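**Q** For reference, the chains in residue letters:
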Amino acid sequence: MAAADSPSTALQRRDLCSRGIRLAGKMRADVVDLLDAYVEQQGLDASASMAVVEGVPLAAVERWDEQTGTQRLLENLAAYRAFRALLAQMLEEQREQLGEADTGLGRALAAVLLQVSAFAYHLEELLRLESRGIPGEEEEEEDGPPPPPRLSLFEQKLRGLGVLRELAQWAVRSARDLRQLAKPSPATGTAPGLAENP
Amino acid sequence: GDPQNLKCVTHNLHKMLCTWDASSRGRRGQTDFCYTTNDLTPQVCFKTKERSIEIPVPESSITVTIKSPGTAFATKEFVIHQKDISFVPVTPHILSLTPDFPTSTLNLKWSDNGLVFPYGLDALWQIQILRKEAMEEVTQVTYYSKLTHEDVILSWNWTSDIPLECTSHYVKIRCYINATQFVGPKNWSDWSPAEVIPGKDTEPGGSGVFPLDIVVAVGSDVTFCCVHEEDQRITNMTYGSKSYTMMQLSSRSYAIRVLNASASNSSGTNVVCRLENGMVDGSVVFVGYAPDTPQNLSCETSNFLIIKCTWKPGRPSGLYGKRRTKYSLFERISSKNVSCEVNEMNRERVCGFPVLPDQTTYDFILGVSNLIGQAQSSLLVDITQRVHPKTPEKLTVTGNNSTSIQLRWFINGSFAGIRLLCQIEIISGHSEKKLHNVSMPGGKSVSYTAQLNALYPNTKYQFRVRCAAADHFWRWSDWSRGLEQTTSEA
Numbered sequence: 018m019a020a021a022d023s024p025s026t027a028l029q030r031r032d033l034c035s036r037g038i039r040l041a042g043k044m045r046a047d048v049v050d051l052l053d054a055y056v057e058q059q060g061l062d063a064s065a066s067m068a069v070v071e072g073v074p075l076a077a078v079e080r081w082d083e084q085t086g087t088q089r090l091l092e093n094l095a096a097y098r099a100f101r102a103l104l105a106q107m108l109e110e111q112r113e114q115l116g117e118a119d120t121g122l123g124r125a126l127a128a129v130l131l132q133v134s135a136f137a138y139h140l141e142e143l144l145r146l147e148s149r150g151i152p153g154e155e156e157e158e159e160d161g162p163p164p165p166p167r168l169s170l171f172e173q174k175l176r177g178l179g180v181l182r183e184l185a186q187w188a189v190r191s192a193r194d195l196r197q198l199a200k201p202s203p204a205t206g207t208a209p210g211l212a213e214n215p
Numbered sequence: 032g033d034p035q036n037l038k039c040v041t042h043n044l045h046k047m048l049c050t051w052d053a054s055s056r057g058r059r060g061q062t063d064f065c066y067t068t069n070d071l072t073p074q075v076c077f078k079t080k081e082r083s084i085e086i087p088v089p090e091s092s093i094t095v096t097i098k099s100p101g102t103a104f105a106t107k108e109f110v111i112h113q114k115d116i117s118f119v120p121v122t123p124h125i126l127s128l129t130p131d132f133p134t135s136t137l138n139l140k141w142s143d144n145g146l147v148f149p150y151g152l153d154a155l156w157q158i159q160i161l162r163k164e165a166m167e168e169v170t171q172v173t174y175y176s177k178l179t180h181e182d183v184i185l186s187w188n189w190t191s192d193i194p195l196e197c198t199s200h201y202v203k204i205r206c207y208i209n210a211t212q213f214v215g216p217k218n219w220s221d222w223s224p225a226e227v228i229p230g231k232d233t234e235p236g237g238s239g240v241f242p243l244d245i246v247v248a249v250g251s252d253v254t255f256c257c258v259h260e261e262d263q264r265i266t267n268m269t270y271g272s273k274s275y276t277m278m279q280l281s282s283r284s285y286a287i288r289v290l291n292a293s294a295s296n297s298s299g300t301n302v303v304c305r306l307e308n309g310m311v312d313g314s315v316v317f318v319g320y321a322p323d324t325p326q327n328l329s330c331e332t333s334n335f336l337i338i339k340c341t342w343k344p345g346r347p348s349g350l351y352g353k354r355r356t357k358y359s360l361f362e363r364i365s366s367k368n369v370s371c372e373v374n375e376m377n378r379e380r381v382c383g384f385p386v387l388p389d390q391t392t393y394d395f396i397l398g399v400s401n402l403i404g405q406a407q408s409s410l411l412v413d414i415t416q417r418v419h420p421k422t423p424e425k426l427t428v429t430g431n432n433s434t435s436i437q438l439r440w441f442i443n444g445s446f447a448g449i450r451l452l453c454q455i456e457i458i459s460g461h462s463e464k465k466l467h468n469v470s471m472p473g474g475k476s477v478s479y480t481a482q483l484n485a486l487y488p489n490t491k492y493q494f495r496v497r498c499a500a501a502d503h504f505w506r507w508s509d510w511s512r513g514l515e516q517t518t519s520e521a
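Line by line, the protein sequences are chains A and B.
Basically this note's numbering = 1-based index in the first sequence + 17.
Basically this note's numbering = 1-based index in the second sequence + 31.
Please note that a few of the clues may not be correct.
What the hints assert, rightly or not - Beta-carbon label-pair distances, calculated as ranges:
hint	chain 1	residue 1	chain 2	residue 2	range
1	A	Ala127	B	Asn468	23 to 33 Å
2	A	Asp32	B	Gly513	34 to 44 Å
3	A	Glu79	B	Glu261	45 to 55 Å
4	B	Glu372	A	Pro201	10 to 20 Å
5	B	Asp131	A	Glu109	39 to 49 Å
6	B	Asn138	A	Pro152	50 to 60 Å
7	B	Met376	A	Asp50	15 to 25 Å
8	B	Asn188	A	Asp50	44 to 54 Å
9	B	Glu261	A	Pro152	40 to 50 Å
10	B	Met376	A	Glu79	26 to 36 Å
11	B	Ala294	A	Arg80	46 to 56 Å
12	A	Glu117	B	Gln516	26 to 36 Å
Stated by the list, open to error - If you want a taste of the chain B side facing chain A, the calculated C-beta under 10 Å gives, among others:
hint	residue
13	Leu155
14	Gln157
15	Ala294
16	Asn296
17	Thr300
As the list claims (entries may be wrong) - Stretches of chain A that chain B covers, calculated by requiring three or more beta carbons in the stretch to come under 8 Å of a beta carbon on chain B:
hint	segment
18	49-62
19	108-118
Treat the hints as calculated values from the structure; they're not laboratory data.
Everything numeric in this text was worked out from a predicted model, so none of it was measured.
Where a beta carbon is used, it is the ideal one built from N, C-alpha and C, also for glycine.
Sequences and hints are given; from them, build the entire structure.
**A** Pasting the structure below:
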């Protein structure tokens, strides 16, 4: 049975969690707006059903409530690092395809990319708080995803749609995960260590 | 049995293949075949078991004697005149059939077999294009050439109205040679075997929407197709937001025909193929304009270091990013070429070209091109007659008494070799405005001075200055910042 947190760590965690929840909420709102603009500018059908897009982390998870705090944070961190790479690629493709004609969408995409990066950093803060090892980017990059196959333009458009849809789902899941982490433990009234299941 | 129905066909006007029948089944044994072209030449004889033989084409006629085995040797004599010999050219051989998918163009190469024919004969080639599983004829074209007594490789291109990926395309060819000297019947050769360019609908895993990510001109008619896997069905195909009637090309390929395509937005128009299993496949087409001829091309220099050319672009092409219109400035005298970085969203277009040592005359060609077309404008200019100096800076007073003031200013740029004309605007307290012109030799990034006399004592004046080329005036610089100065008391 892991020892419970000191009151200051629990306080710090609750503060980080609540700030993270607000970040996730803002990110979700911006991603939904971006999604609307993206669908319109790319001439896509918002209701189009799509195959799972390779390399996009899925927000849906089985037995969500059985996850430990560390698992939640590590899965969230891996997902937002993946989204950071995917959004950066989308931004590059956007500039290549549209050049100067890409004004609003490019800026909105860059803004969301910034939020995703900030959120990933926030998750690292949470893991550092628990003196949990943070998987280095290099570890991930070494056996990280192979370079994406050369997609046609329509496939690029669909992948972008898939990325933004899934990112919106992740923002919801992240808020739930962080709320779960912020919950005080029934016994001690202080938040449990991450290893325990709150 | 008696030899009969002797027929002779030539493929090259030199040799002819003669064939005959035997009147009854009879035992097939050794046949004696003799011929002579006229009474003077000795008979030439062969023994053969076949009922065909190749012999030279006669100038006029030939007498043939065929003695074939049977109960008694049946001998038959035939007189063949050139007019009885039919000329059927050798079936053409396709050397290569090469597809260029991005342009939906087939390139056909074949040999004209001209070596065996006399120089100068006219040859006609019929080329047949067939399509789909049913090999339906799409078109038949006649191509003309002249034989040159050499084997020449002929080449011909054909652009399909539907992408080559959509379904298999087949090509056959035959020829007719107008041997004017030959009096016998002249016929078309046989068709060559069909060469095929297989469509994606014949490839497992070849599904997709085609053409993929192309650029076309506004007003084009374009055919798109959706190739699906064996076990799938298409529910519909849309171009942009509009659904189109589908035409079946094969069991795995359906097409739509978009007429008079309108300009697409910056991210292109989607062509989407929806399948029964809910999946979608698609392509993007960019519909834009060829560049307009650049208008009002004008070039000037402000510092004899860089020549700045500007122009009016005309109608926007509607193509962006890596498909945007590209600009380059080529100077004929120096053969120097510069590519210009142009922002498609800015109305003003600018391109810089370095001033070259010992060259004042420039013969510019502004080239404009995108994937749809190209245009150009040209301009011959002497840059010493196109000087538009930068705004004079650091206007200061360097001398002042009751009736005169000396001004100094600085102009960035190298004007050595030309004279500058500068105009000083003098506004005195009585709001009286005067313009004072002064000219001086140009220098290299130097300061210039001017003395203003006949001023009123103890009077506040406002000065500003602008400059231009004294000889061959082109344009004034902008006015410098203003400077206020009061003359001293008398």
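**Q** Look at each hint and say if it fits the structure.
**A** Now the hints, each set against the structure:
Between Ala127 of chain A and Asn468 of chain B the C-beta distance comes to about 53 Å, which lies outside the given range of 23 to 33 Å. The beta-carbon spacing between Asp32 of chain A and Gly513 of chain B, approximately 58 Å, falls outside the hinted interval of 34 to 44 Å. Distance hint check for Glu79 of chain A and Glu261 of chain B: the Cβ-Cβ separation is about 34 Å, which falls outside the suggested range of 45 to 55 Å. Separated by about 60 Å at the C-beta atoms, Glu372 of chain B and Pro201 of chain A break the suggested range of 10 to 20 Å.
A hinted range of 39 to 49 Å is violated for the C-beta pair Asp131 of chain B and Glu109 of chain A, which are about 29 Å apart. Take Asn138 of chain B and Pro152 of chain A: their Cβ atoms lie about 55 Å apart, and the range 50 to 60 Å holds. At roughly 23 Å, the beta-carbon separation of Met376 of chain B and Asp50 of chain A lies within the given 15 to 25 Å, and the hint holds. A hinted range of 44 to 54 Å for the beta carbons of Asn188 of chain B and Asp50 of chain A is consistent with their spacing of about 50 Å.
Hint check: Glu261 of chain B to Pro152 of chain A, Cβ distance near 44 Å, so the stated range 40 to 50 Å holds. A C-beta distance of roughly 49 Å is found between Met376 of chain B and Glu79 of chain A, which places it outside the suggested range of 26 to 36 Å. The given range of 46 to 56 Å is respected by Ala294 of chain B and Arg80 of chain A, whose C-beta atoms sit roughly 52 Å from each other. Range check, Glu117 of chain A to Gln516 of chain B: about 46 Å between beta-carbon atoms, so the 26 to 36 Å window is missed.
Interface hint status for Leu155 of chain B: violated, as the beta-carbon distance to the closest one in chain A is roughly 43 Å, over 10 Å. A hinted interface residue such as Gln157 of chain B counts as satisfied when its beta carbon comes closer than 10 Å to some beta carbon of chain A; here the least separation is about 38 Å, so the hint is violated. Taking 10 Å as the C-beta contact cut-off toward chain A, the hint placing Ala294 of chain B at the interface is violated, the least distance being around 13 Å. With its C-beta approaching chain A no nearer than about 7 Å, Asn296 of chain B sits inside the 10 Å limit, and its interface hint holds.
Here the hint on Thr300 of chain B is kept, as its CB sits about 6 Å from the closest CB of chain A, short of 10 Å. With a threshold of 8 Å between beta carbons, the proposed coverage of the segment 49-62 of chain A by chain B holds, since 5 of its residues qualify and at least three are required. A count of 7 residues in the segment 108-118 of chain A with a Cβ less than 8 Å from any Cβ of chain B is obtained; the coverage claim is therefore met, three being the minimum.
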